[in-house]
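From first to last, the protein sequence lines stand for chains A and B. Using the working numbering, count along the first sequence one by one with no gaps and you end on 448. Using the working numbering, count along the second sequence one by one with no gaps and you end on 448.
Source of the hints: derived by calculation from the structure; they are not laboratory data. Some clues are possibly wrong.
A pair counts as met if it fits within one copy or between any two copies, since identical chains are not told apart.
Claimed, not checked - Once the Cα atoms are required to be at most 16 Å apart in a straight line, the calculated EDC-like pairs of lysine to aspartate or glutamate come out as:
no., residue 1, residue 2
1, Lys216, Asp133
2, Lys412, Glu439
3, Lys412, Glu76
4, Lys290, Asp274
5, Lys253, Glu52
6, Lys305, Asp382
7, Lys138, Asp424
8, Lys166, Glu128
9, Lys138, Asp127
10, Lys253, Glu57
11, Lys210, Asp274
12, Lys210, Glu181
13, Lys216, Glu270
14, Lys253, Glu230
15, Lys185, Glu76
16, Lys138, Asp382
Since the structure is predicted, the reported quantities are computational estimates derived from the model, not experimental observations.
2 protein chains.
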Amino acid sequence: MSTPITAELLSIGTELLRGEIVDTNASYIATQLPLLGIELQRMTTVGDNLDQLCKILRQALERADVIITSGGLGPTEDDLTREAIAATLDETLTIDHELEKNLRLMFSRSGREMPPHNIKQVMIIPSAKSLLNPRGTAPGWWVEKNGKVIVTLPGPPREMTLMWQNEVTPRLKTRFLTKPILARTIKSFFVAEATVAQLVEPFFNVENLTVGIYAKPDGIQVRLIAYGNSAKELLDDSERKITDLLSPYVWGKDNDTLPGLVGLWLVKNKLTLATIEDMTGGLLSDTITSTSESRNYYRGGLIATNNHAKISCGVPEETISKHSAVSAEVAEAMAVTVRNNLTTDIGVSVTAIAGADSKQPGLVFIGIADNNGTKTWQQQYQIGRADTRERAAIAALFRLRERLIELNLVE
Amino acid sequence: MSTPITAELLSIGTELLRGEIVDTNASYIATQLPLLGIELQRMTTVGDNLDQLCKILRQALERADVIITSGGLGPTEDDLTREAIAATLDETLTIDHELEKNLRLMFSRSGREMPPHNIKQVMIIPSAKSLLNPRGTAPGWWVEKNGKVIVTLPGPPREMTLMWQNEVTPRLKTRFLTKPILARTIKSFFVAEATVAQLVEPFFNVENLTVGIYAKPDGIQVRLIAYGNSAKELLDDSERKITDLLSPYVWGKDNDTLPGLVGLWLVKNKLTLATIEDMTGGLLSDTITSTSESRNYYRGGLIATNNHAKISCGVPEETISKHSAVSAEVAEAMAVTVRNNLTTDIGVSVTAIAGADSKQPGLVFIGIADNNGTKTWQQQYQIGRADTRERAAIAALFRLRERLIELNLVE
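With the rest of the complex left out, here is chain A (with noise of 0.2 Å):
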């Protein structure tokens, strides 16, 4: 590969230097570069303080091709960005006509007068152009000067990722972009990170690709990105040797979800689905129903945390008090038991322990019943109580998957 182009990014404001707020737009930003070719080399986080941030940006404008700044675009006197900009690149900031009118419009709009003190956020300076700001008052900078490019955003992220799709994406591509670039993520579940990390590790120094793992609650994900003119071979070729690596595992790609995917067979089928749990508390179901499609295959489920409400809803009090609650006869109990009392194709099942307190925490059963009959797994794990919860209710997501597959109603 040739020089690549380098990009810095500044986190600007006090809150985030107190903990105030996560700063997610580091990340954001930090995951979009690598899709335009262009490679993050720093992120500085400092506060509104207009010395700091003149000495950073000229700095900055010293080592990277591109500045990417967030935050400080504010209407009150400890939104500095804008004055540390013209600042550093000596230039005058004066009031931009046709956006006051824009900003004045959008007050005016919801019904209130624009304060004073907004004004300051229509200022820019003159190798500056604005950025079109449709979820707030502070309009972006796209800035050229000196061979440089400096993108300034605002702070709150569903302002500065709708701005990033809309406004920087395509100005980035056509200002840096020389080569076709294309990505691809392959998702994987039931396999520990190292293992992805060490199956792929050939695929770390192959040019024109970049590789990266990601843990996610759904499992590990692979993204590839390849450049050059063979971009669609390399990505091709090396998502089919990735995706054979890791084979057993690999659930799906690119935007695919859990509960999409197997909502999808669920409803070409003309299945329909319910959930009972204990130890996971709502969490399965509310996997499940945070898709709206859900309402087409979905029947609703039943929270039964302790053995009176599993019995009151029909699980044998002989099966619990002969297996105890949490083992794969009562899984079994509780998925056939769920799917009678909602009339449902496919019951599902989670009973797991939780506390720490019990012989065995992080013991989970999950249980499947469907009209072929009934089917349980049992899982292990080591990591606490929150994350077993979480992990417990996914793979019971995962079961379904597999016994979908295994009845042959994959698409």
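Using the hints, position chain B against chain A.
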């Protein structure tokens, strides 16, 4: 106040620059430093690059009293934090035999031999003392030289936070804390962050007091930190005044949690609870069961995401057809139904419209049925599907808290 002790934080790892990991260590440490009277001035994230690391360390040592590093202590050749500090301070890394013995023991206890490259994790420089890491293989460092302190911690958050509490906090206190320092957090709900900021503004410039405002899923928190010999009086006085200003919204302080508080009151009054929810899909039961104490009062819940499920568990069909599924009448009927079904003292319901395709997205009804009758509440959110779900589930718990207060069931 006298000149504050200043700190800089270095987050080290190329994976951070690619956005593979969100840097929760940075915001954690940023939250903790004010409690030690230390002012964080800058946070920098850099990749695993020895030259850059040395340059940044040298600059940071010129500016700040305390440098905290996180990451780059692994066993691979990419992990260069130790090497960078040694080079910057012009010292030589040698094996610490006591640390080596402990690390070999740690490996043999898990039935493995120590891989040869892990030896680098027990190397140390003369001016460093090691910090115990009970959860990982990388000890930390406490370095004092030329009046400056360098604290070196591993990147994995569960290792870092435990070491911060056990090893770093006591040492920083001993080294820098010359005057009393006390903190208190006031927790509010059903109030906007901007409103809290406005009401609290007069306290921003009080001498020896630091005020931070944090937006959390369970509401807006105001954190007060008071310094100096009158810290206790200043803190108590400020807390009283701010609690008065925010009074209808304040629900707790410090380590109070909403399910914890409500649960405590229920247990003291020997009351049992059941829930039924539709659009929140398990988030309400999940919030309740996130603490293991919930087993002492929570009897279970129903997820009734559609009319079929609501009717099959006992909500009258005509109530739904007459008033629609998202109405005060149905919320009331749901609460009564779940209270009867699970034979509890209290039933709580949430019914809401989530989809953007419906007439009134963000409309939420909460119902409570108890030994004294029934009550319902209506809310309207304009924050999108996922946030409405989260907010509605927490709002239901707040309404339960309100109801318990109304019925004089509060400690």
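**Asked** Hint numbers the structure violates, sorted upward?
**Response** As far as the earlier hints go, 1, 3, 7, 9, 11 and 16 are violated by this structure, in ascending order.
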